[in-house]
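Student: Residue numbers (the numbering used here), protein chains in the order written: chain C, 989 to 1217; chain Z, 370 to 764; chain F, 17 to 236.
In short, the hints are calculated from the structure, not lab data. Ideal Cβ positions, reconstructed from N, Cα and C, are used throughout, including at glycine. Heads up, a few of these hints could be off.
So the derived label-pair ranges between C-beta atoms look like this [claimed, not checked]:
#	chain 1	residue 1	chain 2	residue 2	range
1	Z	K639	C	T1034	56 to 62 Å
2	Z	F528	C	E1009	52 to 58 Å
3	Z	P679	C	T1034	47 to 53 Å
Take a look at the letters that make up each chain.
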Amino acid sequence: MKTVEEIKAAIEAAVPDARVEIVANPSVSGQHSLRLTPSRAIEVATFLRDGLKFDYLSNVTGVDWPDKEIAEKVKVTREVTKVEDGVEQTAQETVEETRKRVEPGCLEAVYHLYSMSLKQGPLVLRMRTLNRTDQAELPSLTPVWRSAEFQEREIWDLYGIVFSGHPDLRRLLMWDGFKDHPMRRDYVEPDDFEYEPTAHDDVLKRAEAHRAAHATAGAAGHEATGGEQ
Amino acid sequence: MTDAKLEFDAAVGAKQEGWNRPPVMEPSGEGGVLELAMGPHHPSTHGVFRMDVALDGERVIRLKPVFGYLHRNHEKLAEGMSYLGSMPFTDRLDYICSLTNNWAYALAVEKLTGQEVPERAEYLRVILGELTRVVNHASSIGFLIQEMGASGTPLMYAFREREKILDLFEALTGARMMCNYMRFGGCRVDASAAWLEATRKVVAGLPGFVDEFEQLLRSNEILMARCQGVGILRPDLAVNAGVTGPLLRASGVNYDIRKVDGYGIYNRFKFRVPLGDHGDVYDRFMIRMLELRESIKILEQALKEIPVGPVMDAKAKIRGFRPKAGEAYGRIEAPKGELGFYLISDGGPNPYRYRVRPPSLINLTILEDMCLGQNVADVVLIFGSVDIVLGEVDR
Amino acid sequence: MLGEGILKGLAETARNFAGSFVSAERLTTVQYPEERIAPIEATRDFPFLLYDGSDWEAGMRCVACQICEKECPPQCIYIEKSKDKKPDALGKPQFYPARFDIDISVCMSCQICVEVCPFEAIKMDTEFELSTTDRFGGLLYDRKELAKSNEHYHKIHPTEAAEVDARLAEEKAKADAKAKAAAAAAAAKAAAPVQAAVQVQPAKPVQPAGDLTAERETKA
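Model the full structure from these sequences, guided by the hints.
Tutor: As structure tokens, then:
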């Protein structure tokens, strides 16, 4: 099989304005991946399918990379005004400061490609969204590989990546009225997710709090399913 | 590539809409369209699965599968517990084939950490994996025939054999279905000589069972009339849609991960990959029948060659298992298709990302293409020929 | 000939039907609960706590290290560590579980608690007739209900129990040898200042406290 470097070169030769970045994988599996720019992803994918014969898209999945707060020490030079002998003087002073920087998070879609005709693989493709909130959009690869259809629906459902160009982007596993995306790492489960009274103290406490909150709201359905004896 | 598609569309009277999309079919205009929700508690759906079917008379003109009734967020659970803690949960994905699920997960973690698996453990994995395939294919044929209306009898033939194999599983792993047997770098306990002897005895009886099963079903005229030419899947579409396993091979695509990847020690064994010609329900039924025979061949070879030795990598850790940062995708040929696990480690005790690539779900996505233009009674049959377990579809 | 396949199949069914009257292998039905099939040794269902000797409270091997509680995938184990310590099988003072509950309505019989236990204190039982009318309290087992003797373990899993006992005996022998060596070294050190002037008394090994429990074990 071609190495990722060769594949990168082939892609860049075939799709001139596509930018491809190699993401090294430090583990012993040696499955390095290629990060595509979303804007040219469809062309690159079509080339991979028809040109390099990666005809089989096996696995599509999402990964959530939340915002990371990084604390780093920086040397800062600033101007300090001092009063010396009644005269105002400005002097340069270098201090070390701990600054907190927030590295913006993103959502990532990962595609594992194989070639059935050449019996090769895997080739790992990745695409990143701009952020995790309002610009979580990626092009859908469903027109190129049909197998992406339901797996991209699952990613939309569980991670909230909007796949533009997807023929039928609905929730797959959660129900239609569900609001959040539960596989995100900052997802908070609702207080009524588990009613079953077990000896877990915290579950019991949570169930009680939930019941107390809903008793006033008159949620008869919740009472019926609560069922503590 | 598109000629077959055009022919097919012309035959069912469909509009063209991209060669890998299901055709859009118009009702014939008489009598209107009947919208029917098959499931989630339909007895033929193997669990809780719903198909929203639009019928023009008896003919299916649209079919949308609806998933999620058995969703329990297996992947989220796995991200909250240790690598070892997810192992018993993998048993509950495809609960007919728990040992191959264990194997796929162990293989993915071994790819991530680079652990070595001792020789004897590899042989035990092959033996258990192929016994699982026998269990799965025999009962899946039984279910298929049951869905055709032959309620009980053929299924009981399959279950009689399955019972003997489950007893073997229990004697080795302690449980009949939720085996939780394989570990990262080997297997949990060693098989005794008595167990291997008992397995040899059961395997020696399997060819007789397959003969009997074939005699019972293969040339049955009713079965042929119901199955042949029903639910055809074109090979180009099957590849594009990511279909794997017996379903793909019945469409004539030679792709068996045991041969392609040769994971474990599969390249040591002599076996053939049966392929179908037509890609219809009958081909899928026959592929499973033939794969039963190939599995028996592998079992005989493995049971003859199994060496003595340890079954666990001596350096394997049970507590405090922390793979180095990185990612790995490991896959095996599970009885239902390609079962893959994708893991991202950030160096901590829990996986950062844990993903199951479920063959049942992806094989089901092609259901609409296979059912369009068929009669509603055949939907049950085509669905049965896909061979799914809802625990794996919804995770 | 049309229908030949069906006839072939029917012949097979007839053969099996007749066979079920003559072949003992095909008579698989067992009249439970009067009759039972022979138990399979490796069978597992729910965990129990092992104790040595006859007193479950004194002989309990569990030292409340809480590893199983942490590792349990469905989180069905609840342990409260004791405030005081009591001697374990090797005579070392150890904590013990003041509370040890397993909610077997949550337990999924995966055996991971057994694998991670460094003290051979928790094992899998084979008892499966556990139905109760109290869905919550009746399926929450406390440490008294969970405690089973080593003899019980030997009865249900003889091979495994023998291996465990051998391993424990070996560990104990090692610990004894170490204690002996340590005692000898201490005695030698104590004797050292006197040197050659007095005949060095052979260091009398201090009896390790663990022997008490060993005695109890052999008596039981």
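Student: It remains to establish, for every hint, whether it holds in the given structure.
Tutor: Checked hints:
1. K639(Z) - T1034(C): 56 to 62 Å: This hint is violated: roughly 40 Å between Cβ atoms.
2. F528(Z) - E1009(C): 52 to 58 Å: Between F528(Z) and E1009(C), where Cβ atoms are some 53 Å apart, the hint holds.
3. P679(Z) - T1034(C): 47 to 53 Å: Taking Cβ atoms as reference, P679(Z) and T1034(C) lie about 50 Å apart, which means the hint holds.
The structure is inconsistent with hint 1 alone, although it conforms to all the rest.
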